[in-house]
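> Sequence:
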Amino acid sequence: MKDAAPLLTAQHHAVRFYENDKSLAQIVAQFLSDGLAAGNPGIVVATPAHRAAILRELVATSLDVVQLQRSNDLVLLDAQETLSIFMTNGKPEAEAFKNSMCEVIKTACRGRPNCTVRIYGQMVDVLWKNGQQEAAIRLEMLWNQLANTQAFSLLCGYAMGHFYKDANFQEVCRHHTHVVSAEGEMSAVA
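Here my numbering is used: the first residue of the sequence shown is 126, the next is one more, and so on.
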């Protein structure tokens with residue numbers, strides 16, 4: 126990922142609006158591999174198709190993804206299954222979200238000091254696709270709250286097609302620190 130250095134620090138919350146699944150997988154794989162190379166674990170919470178595409182891109186970087194998964198340096202979760210853990214009546218429940226995500230982060234860090242996890246999350250996109258925009262925005266807010274107690278760098282992915290003539294585009298951007306371009310370049314959100 127170009128200009129990935131800012132994502133090495135915790136509390137960065139970037140967003141990538143994508144039109145092309147392959148481009149997204151390449152950007153996510155670069156984001157994760159940069160962290161893995163620095164000794165920081167990665168977590169992917171995505172749809173099956175996106176998890177498979179990201180894994181293919183990680184393999185192409187010569188990472189031993191099987192070993193990374195065995196050691197929990199790379200944790201792969203299904204977006205829909207993960208949502209089912211903390212969604213109540215169509216809304217993310219704050220305490221259940223915090224508990225579930227803290228447990229996953231703890232598993233990935235395995236007691237390492239100064240562990241900053243890199244997380245790619247697609248749960249917000251799943252919610253948005255299902256017409257649950259309010260729940261997606263609430264989930265973005267919960268991630269920001271979690272960043273006050275956990276060290277992670279988060280990259281969210283949203284399919285651009287879901288934002289056609291949508292006024293909520295700016296609302297999504299407002300909950301992120303950076304926007305990632307198709308080339309993998311980051312720009313701070315003003």
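Just so you know, these hints were derived from the structure itself, not from any lab.
A couple of the hints might just be wrong.
No farther apart than 35 Å at their CA atoms in a straight line, the calculated lysine-lysine pairs in the DSBU-like style are these [said to hold, decoys possible]:
#, residue 1, residue 2
1, 254, 223
2, 254, 147
3, 147, 216
A quick note: this is a predicted structure, and the numbers were derived from the prediction, not measured.
> State for each hint whether it applies.
A quick look at each hint next to the structure:
no. : hint         : result
1   : 254 with 223 : holds, 23 Å
2   : 254 with 147 : holds, 19 Å
3   : 147 with 216 : holds, 30 Å
Taken one by one, the earlier hints all hold for this structure without exception.
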